[in-house]
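**Q** These protein sequence lines map, in sequence, to chains S and F.
First residue of the first sequence: 1066, per my numbering; consecutive thereafter.
First residue of the second sequence: 1066, per my numbering; consecutive thereafter.
To be clear, the hints were calculated from the coordinates, so they are not data collected in a lab.
A quick note: this is a predicted structure, and the numbers were derived from the prediction, not measured.
Don't take each hint at face value.
Each pair may be met inside one copy or between any two copies, as identical chains are not told apart.
For lysine to aspartate or glutamate, the following EDC-like pairs were computed, each having C-alpha atoms within a straight-line distance of at most 20 angstroms [unchecked claim]:
1) K1211 with E1227
2) K1130 with E1195
3) K1211 with E1155
4) K1211 with E1263
5) K1130 with D1156
6) K1211 with E1112
7) K1199 with D1096
8) K1211 with D1118
Number of protein chains: 2
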Amino acid sequence: MRYELYYWPGMPGRGEFVRLALEDAGADYVDIGNLSEKQGGAGAVSEFLHGADLARPHFAPPVLKAEDVVVSHVANILAFLAPRLNLVPEDEQSRLWANGLQLTLTDFVAEIHDTHHPLGPSLHYEEQQEEAAKRARLFVQERLPKFLYYFERVLATNAGNEPYLVGNAHSYVDLSLFQVVTGLRYAFPQAMGRLEPEVPEVVALVDRVSQRGNVSQYLTSNRRLDFNESGLFRHYPELDD
Amino acid sequence: MRYELYYWPGMPGRGEFVRLALEDAGADYVDIGNLSEKQGGAGAVSEFLHGADLARPHFAPPVLKAEDVVVSHVANILAFLAPRLNLVPEDEQSRLWANGLQLTLTDFVAEIHDTHHPLGPSLHYEEQQEEAAKRARLFVQERLPKFLYYFERVLATNAGNEPYLVGNAHSYVDLSLFQVVTGLRYAFPQAMGRLEPEVPEVVALVDRVSQRGNVSQYLTSNRRLDFNESGLFRHYPELDD
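Assemble the whole structure, with the sequences as input and the hints as a guide.
**A** Below, the structure is given as structure tokens:
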């Protein structure tokens, strides 16, 4: 079966959390937004989400189509996919715990986004640069360490031979934390350089994930999109102090 | 079986989405944060979330305990509770759709919160009042109608005799939309007064939910906490222009 991912083209963004799960599991999927305009592209994504005849319109991408099933929102998509891709344990408590961690990552990602958009998505960064400098300073000083220390504690409490967030096996939440830390290294290299020595379990998780066969192949493929200043994780040196 | 809700005392906040589902279903639950300090209170909530000996610490409340099962994050808690409380259809596609809508409400709520905290939760409102005025203006002009029109479209597309977001029956997502609109009426009475005539299905849903037996009893009970300026939905007249 072939999954269809609907997400805006040209940036990793929130779609990347879904791509990583599909790639890690070696699943068959099409990234509709990054096809040519003839085969897909932004127009096809928009039509699939908001088209006039839809019985169930979506507010925003990513949206995943799996034959007749359509799912929106990263955490919802991953909770749906993970059992099918063998990326979460089978018992209910583990799945609830995994989804709770993923939703904490969702909140973390929203705060990362808001460092460059503190007044919201209606204005460009250049129109809210002064407020962004203020929010980014508070983020780097308080929120970034708070979130990273939290995940460090979860990993340390759950310590075995390998760093896993859920139980004693690799899961989709590990892939998502990998993506968040990778994005933070791009966006806030100075702040992360200072903080990483304080979160060794988080760093070990990122190393472990990057060395997984399918992930490491994916990261050097042309399917892996570069971080850039249209996306979620943006490198503005003036915000990384 | 008796559910335990862990949430900060003295405000409806994000805990209210969970309370509404439990109250609507007539479930047996204890609101630990709002017990006396002897029986519960903020200290008990904090200990349950972050206590030193926890195998699985939580980042933030609300957290729900159902015998041996512990669940954090509103959308996760509601997806767990709803099948047990008969507040969501049984089929997978309906549950995925319900969870997707709930996560859109989660994003909406985060934007509502950020109207009074555009620089993040590290500073008080009074320390970011100027930025709040800017963000609130954009919110009222662009984001508030965008979200409300979205839910209006979902309801209109799904129109039957009664306004339901999911299928042809009442669900937990209806309760959450009721709570968001009620909070918005408190926080932004002027803006909502202008917008409500444009979203008749949303208004009809709020009316319908408020008239449900258990909900209407709950709303006039002393368990229903008043909105106030420590919470999510805050009425600052200067932000409601």
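**Q** For K1211 and E1263, with the copy left unspecified, which applies at a CA distance of at most 20 angstroms: within, between, both, or neither?
**A** Within one copy only: 12 angstroms inside a chain, 41 angstroms across chains, cut-off 20 angstroms.
**Q** Should K1211 paired with D1118 be assigned to within, between, both, or neither, using CA atoms and 20 angstroms as the limit?
**A** between (44 angstroms within a copy, 19 angstroms between copies)
**Q** How would you classify K1211 and E1227 at a CA-CA limit of 20 angstroms: within, between, both, or neither?
**A** neither (23 angstroms within a copy, 45 angstroms between copies)
**Q** If the cut is 20 angstroms between Cα atoms, do K1211 and E1112 qualify within a copy, between copies, both or neither?
**A** Close across copies (17 angstroms), not inside one copy (39 angstroms); limit 20 angstroms.
**Q** Since the copies are identical, ignore which copy is meant and state whether K1130 and E1195 lie within 20 angstroms (CA to CA) inside a copy, between copies, both or neither.
**A** For K1130 and E1195, neither the intra-copy (40 angstroms) nor the inter-copy (43 angstroms) Cα distance is at most 20 angstroms.
**Q** Given a CA cutoff of 20 angstroms, do K1199 and D1096 count as a within-copy pair, a between-copy pair, both, or neither?
**A** neither (36 angstroms within a copy, 37 angstroms between copies)
**Q** Checking K1130 and D1156: alpha-carbon separation at most 20 angstroms within a copy, between copies, both or neither?
**A** Intra 25 angstroms, inter 17 angstroms, cutoff 20 angstroms: inter-copy only.
**Q** Is it within, between, both or neither when you check K1211 against E1155 at 20 angstroms Cα-Cα?
**A** neither (30 angstroms within a copy, 38 angstroms between copies)
Checked against the numbered hints given earlier, the structure breaks hints 1, 2, 3, 7 and satisfies all the rest.
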